[in-house]
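Visitor: Each chain, letter by letter, is given below.
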Amino acid sequence: MSNESINKEVSETYDCVVVGAGNGGLIAAAQVAMKGAKVLLLEQHNLPGGFASSFVRGRFEFETSLHELYDYGPLSNKGGIRVLFEDRLNLESEFIRVPEAYRLILTDPGEDINIVLPFGIEEYLDTIEKEVPGSRESVKKFFDLAKEIDDATTYIGKTKGNPEQEVLLKEHSNFLKTAGYSVDDIQDSLNMPDKARKILNAYWVYLGLPTSRVNFTIFASMVYGYILKGAYIPKNRSHEYTTALDKKIREFGGKIEYNTKVERIIVENGKVVGIETSKGKKIKTNYVISNASPTLVYNKLIYPKSEVPEIAYKEINARRHGVSTFVVYMGLNATAEELGLEDYSYFINKSMDTDELYSLLNELKAPDVQATICLNKAIPDCSPPGTCIMSITTAFLPGVWDNVKPEEYVNLKNRIAEDLINKFEKATGIKVKDHIEEIEIATPETLARFTGTFNGVVYGYEPDSWDSFIPRLMAMNDEKHIEGLEFCGGFGRRCHGYSSSLKDGETAGLLTLQSMIKKGVLK
Amino acid sequence: MNEKNEDRFDITIKSNTKDLFAFMKLVPNRKKRIEKASNEPIKLDPMNQLARKLHPNRQYLIIDDIKEETKSTKTFKLIPDNNSETKELAYFRPGQYLSLKVEVNGVLITRPYSIASSPNDALNGFYELTIRKEEHGFLTHYLWDNWRVGTRVESSGPEGFFYYEPLRDLEQIVGIAGGSGITPFRSIAKAIIEGIIDAKLTLLYGSSEEDDIIYYNEFKELENKYPDKIKVIYILSCEEVNLEGCEQGFITAGIIEKHCDVKNSSFFICGPQIMYNFVENEMKKFNLPFKRVRREAFGEIKDALKIPGFPQDIAEKYYQIKVQIGDLTKEIPALSTESILVALERAKLAPPSKCRSGECGFCRTLLVSGDIFISPISDWRRAADKKFNYFHSCASYPISDLEIKIPRHL
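Respectively, the protein sequence lines represent chains A and B. Going by this note's numbering, the first residue of the first sequence is number 1, and it counts up by one from there. Going by this note's numbering, the first residue of the second sequence is number 1, and it counts up by one from there.
Honestly, the hints are just simulated from the structure, not real lab data. Be a bit skeptical, because a hint or two may be false.
What the hints assert, rightly or not - Derived BS3-like pairs (lysine-lysine); straight-line CA-CA distance at most 27 Å: (1) A/Lys480 / A/Lys271; (2) A/Lys405 / B/Lys87; (3) B/Lys74 / B/Lys87; (4) B/Lys18 / A/Lys247; (5) B/Lys200 / B/Lys133; (6) B/Lys18 / A/Lys170.
Said to hold, decoys possible - Not close to chain A: a few residues of chain B, all C-beta gaps over 10 Å, as computed: (7) Glu35; (8) Leu50; (9) Arg168; (10) Lys229; (11) Asp327; (12) Tyr390; (13) Ile399.
A virtual CB, placed ideally from N, CA and C, is assigned to each residue, including glycine.
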């Protein structure tokens, strides 16, 4: 399509169009609109948030996917997300601190771990030392390394991505020396006792990759973030802050259209020139920030196809898509206390052999891996008096659900859900089944349906060392193939997860603004 | 900086050089992997495809057959419209509904109708909807006059939560149906005998007179064939009752107790609003937990003045609504006793909606300014939507001039 023809059919022109109102897209749109650019945010669903949402069944309102937000932090020690929400955007949303880090229960015969871990580095070290005498030093080294990563990334951020080699080598050598390794590589060299490793690695499930593969830098940053500053959740579910963001974008002069899918991103001579929506409307713009993944954009949205460079397909095919999730949401007609639910977050696995656990995610049955939440333990009044909300989450690798037929779907998801509930009951001795007043089950299909994510993938691309956030950031400019197109969100630079997606949205917004200023679109 | 790092340890994983080299090689390794990868586009997305099959945004259907059930009810058999993108019908859970989108005299409206056929029938290419002609029904009069074999009908995918859920419900289902509220139970009964759901159904079915009973012969046959699975008790409210073995009057606690094991059943109620009010009041006596009583959303409230708390003094008043829908801004009139959704439809704005009962949230609307009354019996809004002034237009009424913002229909 030539510029002429788009000019003829075009109904509107925007400085920037944001594709998708998930965590990344919302922040990116807010960021760009805040600086006075004319922004249009398009979302195929009728709500903002993508995975960050909520839904109502009967007397209950369920959190769709967030377990706990990291990098929010207390007032006295704000994390990046809190600074973004409170100080930069002044969002009308309230967050509540989660009481403890997690309970880890291992269920295989011969395993003897059933332990609650607190927040706070010292408290955390004390608890592990008590459980595994003699482990303190090695676990402390893990946190020291994590702190150094944190310091190094802060330094790199301050230099706007242009750090001095000498400073890095002198002040942050541990950051450099660990960046090419997996979690196992580092923990082996720290001589950490096996049991301490098991306890420390419980958060592996949030990255969805075994410790033999997951990059140390990203794993250590995450664990450090949680333990140092605690974890937080929105008081009125994630729908609260995403709706607050919607309001903010409109206050900044941005426009949002729901029920509107972007069908095409129109590219000409390697440059974005516009988009086309499911309502048949063509919009002229030179900037697109896509919350939709590179997988979707390059395979489905770029028009004409001849504008997709071969290398873009190669990049996608070289990377590995992360897991999708499976969630059993339950509104129970008894309180957490009545049921004996003592903790907010339960990690329940057969063992901590994460290679084996990961391989279990490749079968079409309930894996012995679950992360279970009782929301009322953080927000006592999140459901009516006499009730509580519980959710059990597990994951499946891409492809596992591919051959499920519509007529088998409900029985299959019910069977898996029931197994997960049974496994929870067996591991904790807490009986919940008779108290189910409302139940809803989300599968990879559900996630594909509501967010449009490719094949239901939730965890972006897998963060092996070569595809963790450091190489992603370092290769960022080389991997930009279309002028005016930025990506953000769970498939973005910082890998998946709420905090990463939100911050990545901010980066995408800033990069777009920079380019606009350079091109004179914006002052 | 250096002082701070005094007790800092220096890690060595393999060797100092190798460790730094591992870092230096990150990007070159990445490039190598990318260079070696396939350059083929990804063509398949099975999960997105399954999502489209289970939950199509639209289904284009065509009427294949019409059967007179009673003097005021007809069953419409719907099949995929071959000249459309709909090649197969979405599978569903018995008890779910379709939201039909019909243009009546230039006004595009939606109506939810429970699917009366079995999920297996959908696999075999048809749905059945049984519809009763309502005395003052805006849509049903139009349907009776205009729907013929061959008429095209646009529908949503299957929607709603009024279905048997084995992880929550007891094996013994007691269905309480009034009038055309029997339609989802026909689907549930068929699913039971076809082995799709493992449950038993006792149906208490209230009608005003014998001639109004829908599916009488069909259910008789099912009862005879599957006496351990299906049982129907007819309750007729007319004075004179000749039908053998049926009850006279209304569905009272006494009748429920007489025919059901109240404590060991899951109740599913579907019927007109007036029946809910009566039956729920009767059932209070049983003091059942919430989880044992499921009710189908009853569609739009017919008489707004009877909603608890409705401000009676503004009855029959007209207000102005400034509507922003997509790119369009329009001023429209709205009657206080009609839902804002109806006002939007009357103004031919084709707003999004599905359940028309406050439940699904598809008609979620932003209140920019003005005051509304929200039906407390149909309020399923999210907490944050309350905080940020969003409402469900199908269950909300104007009580002042308003300004609102809604997305266009999908």
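Visitor: Does each hint fit the structure? Answer for all of them.
Guide: Taking the hints in turn, this is what the structure says about them:
no., hint, result
1, A/Lys480 / A/Lys271, "holds (11 Å)"
2, A/Lys405 / B/Lys87, "holds (16 Å)"
3, B/Lys74 / B/Lys87, "holds (25 Å)"
4, B/Lys18 / A/Lys247, "violated (51 Å)"
5, B/Lys200 / B/Lys133, "violated (30 Å)"
6, B/Lys18 / A/Lys170, "holds (17 Å)"
7, Glu35, "violated (7 Å)"
8, Leu50, "violated (5 Å)"
9, Arg168, "violated (5 Å)"
10, Lys229, "holds (19 Å)"
11, Asp327, "violated (8 Å)"
12, Tyr390, "violated (7 Å)"
13, Ile399, "holds (24 Å)"
Of the numbered hints listed earlier, those contradicted by the structure are 4, 5, 7, 8, 9, 11 and 12.
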